[in-house]
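K.L.:
These protein sequences, in sequence, are chains L and R. Residues 6 to 338 (the working numbering) make up the first sequence, in order. Residues 633 to 944 (the working numbering) make up the second sequence, in order.
Capping the alpha-carbon separation at 25 Å, the derived lysine to aspartate or glutamate pairs in DMTMM-like fashion look like this:
| id | chain 1 | residue 1 | chain 2 | residue 2 |
| --- | --- | --- | --- | --- |
| 1 | L | Lys314 | R | Asp864 |
| 2 | R | Lys802 | L | Glu310 |
| 3 | L | Lys170 | R | Glu796 |
| 4 | L | Lys16 | R | Glu796 |
| 5 | R | Lys912 | L | Glu281 |
| 6 | L | Lys123 | L | Glu264 |
| 7 | L | Lys314 | R | Glu796 |
| 8 | L | Lys164 | R | Glu796 |
| 9 | L | Lys303 | L | Glu113 |
| 10 | L | Lys16 | L | Glu293 |
Per the computed footprint, the stretches of chain L lying under chain R, defined by three or more beta-carbons under 8 Å from a beta-carbon of chain R, are:
| id | region |
| --- | --- |
| 11 | 96–110 |
| 12 | 276–286 |
FYI, nobody ran anything at the bench for these hints, they're computed from the structure. Since the model is a prediction, treat every value here as computed from it, not as a measurement. Cβ atoms here follow ideal geometry from the backbone N, Cα and C, with glycine treated the same way.
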Amino acid sequence: MQSSNERDLIKFVPFNSCINPSFWFELNRVKLDDYKLNDDFKDLEGFCSTCSSNNLPPILNFDYSSFKKNNDKTKIGHENIIKVEGQIKIFNTINEFNLLDKNKLLDEFGQNIWNDIKSGRALDDPNKLNRFCLIVFANLKTYVFHYWFAFPALTFPLKSYYQLKLTKFLDYFSTEQSEQILENMDRFQLNFKSHQSFFAIDFESLKVLSVKDGVNFHNCDKKILFGLYDPNSQSNHPGWSLRNYLALLALKCKKTEQETRIFDIVLFRDRYHGGERKSDLSLIIQVEVFNITDNEEKINTIGWERNEKSQLHPRIVNMSGSMNTEKLAESAV
Amino acid sequence: NIADTFTPVLKESKFRETGFITPEEFVTAGEFLTGHCPTWQWANIANPKACKDYLPPEKQFLITKNVPCSKRCRHLMESFKNTQEKVIEIESGEGGWVDTHYLDNNSTQGANQAQEIFDENDQKESDDEIKNIKDLEREEDEEDEDEEALDMDEYDHNVVEDDETTVITKPAKQDVKPDVQLTKTEQEEEIFIPTRTYDLNITYDNYYRTPRLWLSGYDENNKPLTIEQMYDDISEDHAKKTVTFETHPHIPGTLMASIHPCRHAEVMKKLMNLMAESGKELEVHSYLMVFLKFVQSVIPTIEYDYTRNITI
Chain L
6 MQSSNERDLI KFVPFNSCIN PSFWFELNRV KLDDYKLNDD FKDLEGFCST
56 CSSNNLPPIL NFDYSSFKKN NDKTKIGHEN IIKVEGQIKI FNTINEFNLL
106 DKNKLLDEFG QNIWNDIKSG RALDDPNKLN RFCLIVFANL KTYVFHYWFA
156 FPALTFPLKS YYQLKLTKFL DYFSTEQSEQ ILENMDRFQL NFKSHQSFFA
206 IDFESLKVLS VKDGVNFHNC DKKILFGLYD PNSQSNHPGW SLRNYLALLA
256 LKCKKTEQET RIFDIVLFRD RYHGGERKSD LSLIIQVEVF NITDNEEKIN
306 TIGWERNEKS QLHPRIVNMS GSMNTEKLAE SAV
Chain R
633 NIADTFTPVL KESKFRETGF ITPEEFVTAG EFLTGHCPTW QWANIANPKA
683 CKDYLPPEKQ FLITKNVPCS KRCRHLMESF KNTQEKVIEI ESGEGGWVDT
733 HYLDNNSTQG ANQAQEIFDE NDQKESDDEI KNIKDLEREE DEEDEDEEAL
783 DMDEYDHNVV EDDETTVITK PAKQDVKPDV QLTKTEQEEE IFIPTRTYDL
833 NITYDNYYRT PRLWLSGYDE NNKPLTIEQM YDDISEDHAK KTVTFETHPH
883 IPGTLMASIH PCRHAEVMKK LMNLMAESGK ELEVHSYLMV FLKFVQSVIP
933 TIEYDYTRNI TI
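Please model the complete structure; the sequences and the hints are all you need to start from.
P.N.:
Shown next as structure tokens:
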């Protein structure tokens with residue numbers, strides 16, 4: 006790998022999973038009533054807030070509503086969340102859980118994302134770039150759950166991304182411009198059923214566009230900033246979602262004679278504090294991206310979540326304290 | 633909850649006289665809150681059967697997630713002792729109260745007033761409703777000890793990772809004080825200091841005819857907090873008095889901490905009287921803002937959002 010002193014390798018902050026106790030209750034119910042012994046992958050939904058909080062890493066939330074498919078309803082509640090679609094597999098024995106080839110599984114998820122990027126599906130629905138995989142072994146008698154999340158991200162080991170410059174959103178744009186962008190952003194989001202994580206900004210008009218339009222305009226030599234809702238709040242690193250997005254841009258944007266290209270990426274961090282909207286955490290990151298092609302030789306997928314000891318191991322949670330039916334009955338008096 | 637089910641729904645607005653609000657007013661106030669503080673949202677319904685028919689199905693309760701809580705209440709007390717401590721003795725007796733002015737100069741007055749009212753009430757309040765919590769806690773503790781033994785996952789999963797481009801958060805130490813000195817490299821890297829977070833819910837309580845706040849907390853590793861651990865984030869004067877653990881009306885399955893609503897209407901009424909004295913009138917849409925402000929005296933370190941431009 007080429008190394009240079011002037012260029013910094015971009016480091017990404019991975020998602021942290023956060024599971025509300027009601028998720029485990031619902032999982033128990035679903036496993037007993039619906040899935041039973043079937044341990045195929047099922048659809049599951051996680052969500053992260055579009056309003057980033059100061060000093061928190063990107064958090065992907067799961068709760069009772071993660072199992073439910075909300076396609077029967079029109080836009081209800083929760084408008085300010087980014088839905089992330091993924092899959093869950095609930096094993097019947099701890100042995101199967103342990104013996105599963107985790108690298109192979111993650112590669113399959115990565116391959117699906119790569120296929121979506123190549124086919125253009127991800128360009129039509131860029132939210133597909135954020136994805137997760139969850140494997141669980143649930144001991145339904147003791148309320149002990151073994152689980153492991155993965156947030157699959159494509160890497161091209163021979164072709165990394167470098168960070169050239171990092172500018173604050175409010176330094177890059179004037180106050181009027183940034184207000185204009187916020188307004189256009191809200192208008193843009195209204196066109197979609199679910200919140201769009203990825204978008205593009207036309208530098209001339211400050212209009213907010215879909216990624217697909219952004220790529221088309223970019224390929225016609227218009228100045229376009231590509232952007233994403235960055236659930237991370239750290240001032241010197243982008244969040245995990247940028248990884249697959251860069252892969253999409255590197256493949257779909259027009260190439261030049263050079264080996265690399267430069268993109269300006271908006272890390273959009275919408276924040277509300279004291280009833281006021283703030284853009285002080287938003288950043289513009291200038292990224293140097295290697296050209297990639299449809300038939301890359303070496304693609305890896307990474308993304309297993311580390312446990313509380315920072316090891317690449319599953320997590321274990323004991324919910325008997327709050328899920329024990331005897332206790333629930335006791336408190337219901 | 634039987635009492636809740638059989639209590640007739642309040643139809644006529646009387647919030648200025650009584651502090652009670654109708655379900656309709658709850659929705660109005662909820663709309664105002666989500667409009668001004670979009671971190672608050674109407675929640676997805678967990679169980680359609682649990683829907684209250686006096687509220688629109690898509691507006692049953694409010695939710696905000698991942699609210700940071702970087703300090704414990706005792707840290708707050710310590711830092712006050714070290715700096716400009718402001719413990720004020722209440723004439724009537726036992727507990728003093730602490731000015732929570734570190735949060736925001738404008739917002740504290742109301743919170744203090746509310747706290748004062750709470751203190752008065754607490755002394756009158758009987759402990760009956762919550763007397764079995766202690767037993768519950770004790771069992772909880774016993775179970776927690778077993779957890780350590782479970783936590784040995786010897787199986788080698790052989791997962792290969794490329795960590796060159798991944799920011800790895802260091803494991804959180806238990807009970808880290810927020811003012812720990814960072815080493816130089818840590819400062820440069822600006823690594824997160826993992827913090828506790830809370831999910832907060834506001835439901836409408838038909839029996840008490842007020843909003844009701846529910847909390848579920850997570851430790852620095854996003855693991856659910858036990859009841860005992862959550863007491864760290866409830867001001868000493870209110871822990872085990874105003875906070876109870878019950879099943880949530882909409883979210884099945886687990887016990888959740890809740891600020892008991894039995895005094896809410898009374899406190900709200902007093903706050904409205906105070907506002908009236910200074911020539912202001914509480915509009916019903918701001919009800920939840922004021923409610924959240926007074927609730928802050930119970931959970932002073934949970935940094936949830938509400939509009940600060942309401943003065944009492």
